[in-house]
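**Student:** Listed below are the residues making up each chain.
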Amino acid sequence: MIYDFFYNLTGSQILAYVIGSLLPLFIFILPFALVAVLLERKVSAHMQDRLGPMRVGFHGILQTVADILKLIQKEDIVASPNDKPLFNLAPVLVFAGSYTAFAAIPFTSAFIGSNIDLGIIFIIAITGLVVAGILMAGWASNNKYTLLGAMRSAAQIISYEIPTILVVLTLIMITGTASLNKLSEMQSGHFWNWMILGGPGLSLTKFLFIPFMIIGFVIIYISTLAEVNRTPFDIPEAESELVSGYHTEYSGMKFAMFFLAEYANMFAVSAIVVALFFGGYQSPVGYLGNTFHLPWLIPIEQFFWFTFKGVFFVVVQMWLRWTLPRLRVDQLMAVCWKYLIPIAFVNLLIVGLITVL
Amino acid sequence: MKTTEEIFNLLKEKFGDSIIELKTDIPIEQFIVVNPLEIDKICNFLISDNDLAFDSLMNLSGVDDANGEKKTDESGNTQTTGGTLSVFYHLESTSLRHKLVLKASTSIENPEVSSVAEIWRVADWHEREAYDLLGIKFLNHPDLRRILMPYDWEAGHPLRKDYKNPEYYQGMKVPY
Amino acid sequence: MSQYFKNIWSAISTVSIGMKVTFKHLFVPAVTIQYPDVKLELPERERNRLYMNMDDCIGCDQCARACPVNCIEIETVKSLPDEDLGKTSNGKRKALWVTKFNIDIAKCCYCQLCVFPCPTECIYMTDVYEFSEFKRDNLIYDYATLSPEERVQKKVNYEKFEAEKAAQKAAAAAAAAAKKAEEDKAKAENKEVKPENKEIKPETKATDTESKETKTDDKTTSSGNNETKPENKEDKTE
Amino acid sequence: MAADIENKTTTNEKLKTEEMILNMGPQHPSTHGVLRLELQLEGELIVNVKPHIGYLHRCFEKHAEAMTYPQVIPYTDRMDYLASMYNEFGYAVAVEKLLDIKVPERVEYIRVIMGELQRIASHLVALGTYGADIGAVTPFLFCFRDREKILSLFEMTCGARLLYNYIWVGGVSHDLHHDFLRLTKDFVDYFRPKIKELNDLLSFNKIFIERTANVGILPLDTAINYGITGPMLRASGMKWDLRKDDPYSIYDKFDFDIPVGDGRMGTVGDSWDRYFVRVLEMEQSLRIIEQAIAQIPEGDVTSAIPKRIKPVVGQVYSRVEGPRGELGYFIISNGTVNPFRVKVRAPSFVNLAVINELCKGHLVADVITVLGSIDIVLGDVDR
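Protein chains in written order, with my numbering: chain C, 1 to 357; chain E, 1001 to 1176; chain P, 2001 to 2238; chain D, 3001 to 3383.
Hints may be right or wrong, so weigh each one.
What the hints assert, rightly or not - Estimated spans, in silico, between C-beta atoms of each pair:
no.	chain 1	residue 1	chain 2	residue 2	range
1	P	Phe2134	C	Arg50	30 to 38 angstroms
2	P	Arg2136	C	Leu25	46 to 54 angstroms
3	P	Phe2131	D	Glu3283	37 to 45 angstroms
4	D	Glu3283	E	Glu1069	58 to 66 angstroms
If you are wondering where the hints come from, they were derived from the structure by calculation, not from laboratory data.
Note that this is a predicted model, so its numbers are computed, not measured.
Each residue gets a CB set at the ideal place from its N, CA and C atoms; glycine is no exception.
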């Protein structure tokens, strides 16, 4: 829909596409990243009986803006032995990897970056790009600690994509479509139509799906947590061992890129979980727009519900970060290969059997 | 539970002359003065003998006895020659609950004491510290090098009574 | 196989207990205070910056001796007998001009060992803790109340007085020596009559009296400091 | 077919992988101070750990020879700066044994209360930083919030928060503040449920157990041979606490038991045991403080402080149970006002020597776990 609007406006297809997919980047993600950084510091502070940033602006509202300004004017140190081209390319790759994922996420029924059919497969493929960026950063900083950090994060992200794909397969099997947009439309109506509760319609299979959908949700939530390097899987930037892993040597704007990429990734990942299981932009309790017959109000409400659910899961990620200690590298692999993948397989088989019924 | 005298007599007839004397006049603690080059045989016996069983070495401390004769030559600064460096071993048996203090003193010119690091692993670092701060060389110590001072500190051993702080250490002024 | 599921179950249960604890703490009021705006009020025995009440100080150097890091430097000049320096608050007569009294607060280790031996309790620790400086030698607090010229002047006139006294003593000694010389001569005539040793004894006694005499007048001048030799352990209980 | 399998193995030998030397250098977020660990790594597996110490060496023993006996006390504070009350306690007991003076009853009780409060504060730092090393930051904040209460108790009595110079030879510098006993009682009641909360959050957390159980196992005989003392020795299964086995001061008046590691979450003597023994010890210290508050008599605290300490020529070795282990003072006096030689048997110095034995074959992350469980303070190691 947005695409047609730009097409009429600019007349050229490519331009419309580019602007269409770039729109979420500037209007939503950058402000979100600012808010998320402040939110994390405030949530972690109150969980630890302290106040968090209180000085810049009322109750520290402008703290992240101050951080960004500081990072912009900070000197961008590039150590002499560093491998310069790789060193400068790494943050761009990580930044690009996590932002292109937003192209396929449906914000509202009216707007989606690019409505491709293989939406979810595209997102998982793109997040693979982040691994290349991290490896580059680790290698180019010419520092033993960052090399260790990069090796660990490569192993971690790649091995945690398998459980994600398995759970996505179960969903594709049930709904028959890989496009997130169609998936969100299927989960319309009230919250009992959401995939977590067995998807639309009132058949027996719907109730049989519920336990497996919950297991699927838990697995995908844990594995996406690992993909974003959040505790308890934040080993690549384990402050206590690797002195903050692959982005130790970065400073100034490059570090800001890594930093914002991490928060954008957090939202992208929770947006995927929301789109897959919690009805994307559908509201759980019906739309005011319908009751007052104002059609233009619906997309705004949908946008509100989408961000509300997304931010809710981001806060749960933060909550996990400030509660749990960190797993060791081999335990991390054990959790993935011994626990998540077998359970995801069994889940896939059983759901397959049920759909055949 | 054995007192120091019983242990002294036991050691005396076992090792004969390498046990020099039992000192009881110094208040608070009596100790047995031992020949420094025999110390590892004595300690081997102390740990292996089952009614002594000194299985834990509490503390090993090097002391500069500062008992050399002072000679003030014409320019007025005093030169101490002679004198001894001694090493105190505080042993304890955790099972039989009795304690023992050994003293081994060597001359200050070439202070040599045989190492007990093989018997009690705790002695390893204590002996390195005694070497580092007092210059007592421990024979066949697994890895005798400085532990607290910088590895290339040439200005001698700080805890000696006649120690002077060097003016510069690798270009940095030492006394602030 | 059962261990497998036990692991999963214990992982989920302990993680959720932990999260319950942190969730509960979201609603616990914060314990931290915003420092520059809100300042913690300190107990009255607080030990931060040393304060020196100069007009009570008698220059006895007890605090400088008690300090483990020697961060107190005191120089005193004896006052002339005629000068009156007034009394300290608890009635001790002051006899020494304190020409230099500085505390290097950068070296001070805040152990309060100097406060206890002070006889007139003029050095004590206040609860001021914000006294950082840009230059390090601003941290050397100079408490002496005499202006620089007065200090030099005090020293000068004390030397002058010292020189006078020495000259006076020399003159007296010369006179005594001359007097003694005549005595010897007189004694020499009637020496055969009295035995040898009695003579020596009065001899030595004479010199004793003479030396005692010189000691006495030192005492008068420095009576200030040894009369007030403080009984060094007078504890100041709160 | 067999040929290429065969030469594949040979290329393997040619593919010589040499070890990587990783310097967990003096500035590292989790070495508890300026300690350099030279790790020889085979990939992530540890072949050998060589600790380099001495970065914080301030030659306490040389200072002590230039000071008078009371002036040494501010220097003992700066050795194990997280448990300076107990350093002073050890030094005071040693010199009192040398001078053979008897301290009034009230002073003994004050010293026990202060010592046990300092033990809790020191354990709180140990447990908090241990959680932070493993990755859980929240317990660190909770532990420091509770430690602040103890520091304000100390600040009320002697004016300082970290380095007190409060316990003197023969007594204490100030008498207790008039509402010190009431506030300590409130602290004890406030703190007991907080230990349970710490347990819920960290001690029994599955990930924490996974990270610390069966890591860095210290068998009992190597522990005794390495001279390990304190919570580390008790975690290896030996019931050895100087407060009971070599009693000093009035610890025999209180009943408290000594927690011993029992391998609940792994084998006996692993990192989890060393952590949990400290948690149990905090509860025992609370019991001691409660009994001490109940029985403390009245009396003057500065009566037995000698004016000038000039001990007779002699030597003494006395030891106390510090929060990190056996803290021994070997004092030789030559009859003058200054001690002739003061040698300190520092618990962290001895406990650190065993890190090579514990870390062999573990991963890099485990070095941090083992180092955190040993709980060293570099001021104590380097003196």
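**Student:** Take a look at whether the Cβ-Cβ distance between P/Phe2134 and C/Arg50 falls inside 30 to 38 angstroms.
**Tutor:** Because 31 angstroms falls inside the window, the suggested range holds.
**Student:** Taking the beta carbons of D/Glu3283 and E/Glu1069, is their distance inside 58 to 66 angstroms?
**Tutor:** holds (59 angstroms)
**Student:** Do the Cβ positions of P/Phe2131 and D/Glu3283 conform to the proposed distance bound of 37 to 45 angstroms?
**Tutor:** Cβ of P/Phe2131 to Cβ of D/Glu3283: about 41 angstroms, so the range 37 to 45 angstroms holds.
**Student:** For the hint 46 to 54 angstroms, verify it against the beta carbon of P/Arg2136 and that of C/Leu25.
**Tutor:** holds (52 angstroms)
The structure agrees with every numbered hint stated previously.
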